[in-house]
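Participant: Residue numbers (the numbering used here), protein chains in the order written: chain S, 4 to 100; chain D, 4 to 100.
Careful, some of the hints might be misleading.
The list treats identical chains as interchangeable, and a pair is accepted whether it falls inside one copy or across any two copies.
Claimed, not checked - Below are the DSS-like pairs computed for lysine-lysine, each with C-alpha atoms no more than 30 Å apart in a straight line:
1) 28 / 69
2) 18 / 97
3) 97 / 50
4) 35 / 77
5) 50 / 69
6) 50 / 27
7) 28 / 89
8) 27 / 15
9) 97 / 27
Hints listed in this document are in silico derivations from the structure and should not be mistaken for laboratory results.
Next come the chains, spelled out residue by residue.
Protein chains: 2
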Amino acid sequence: MMIKVVAQNNVKADKTDEFIVLAKKLVQDTRKYDAGCIRYELLQDVKNPQLLTILEEWDDQESLNKHLSAQHFKDAMASFASYMEKPGEINLYKTLA
Amino acid sequence: MMIKVVAQNNVKADKTDEFIVLAKKLVQDTRKYDAGCIRYELLQDVKNPQLLTILEEWDDQESLNKHLSAQHFKDAMASFASYMEKPGEINLYKTLA
């Protein structure tokens, strides 16, 4: 079953630029290396620039699991940890229509 | 500028089926009638079936504004109001990567 992910990150105001640089790298690496990735995008809220969200689509749960254990993903998460203002929210979705 | 929208709805447990029926109709009408609609999908959280999210892409803010004032959208919102367990969250995004 195809899985969609909305991963919201609340980034510290003085860290958004650095976050964006690293998140763009993560987007590039994921698209390039991670099998089963249909869509992987970095979005920024138009009213709140500190809300940076990754919008994802995966062929199935297995593809997503492999992405989560890929080195480029783990490296990005390790870097992101100190940039967060508060915990983010991650939702996995199935498509109804 | 293209706009993406993530509209999260927290629906009462005993109203999710009714919500889904009406939301599917809204998806159909929006795709059929609303110019500038690139993507309009109904998603359900895999762990929390009460979290029903509409994922949208619009050509620009003007297209989104017209959708928000369309009769089928207003009718759907009027119906949805009594189904909500708590206020939802709507985010408008620009794409960085």
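Participant: Going back to the hint list, which numbers does this structure go against?
Facilitator: none
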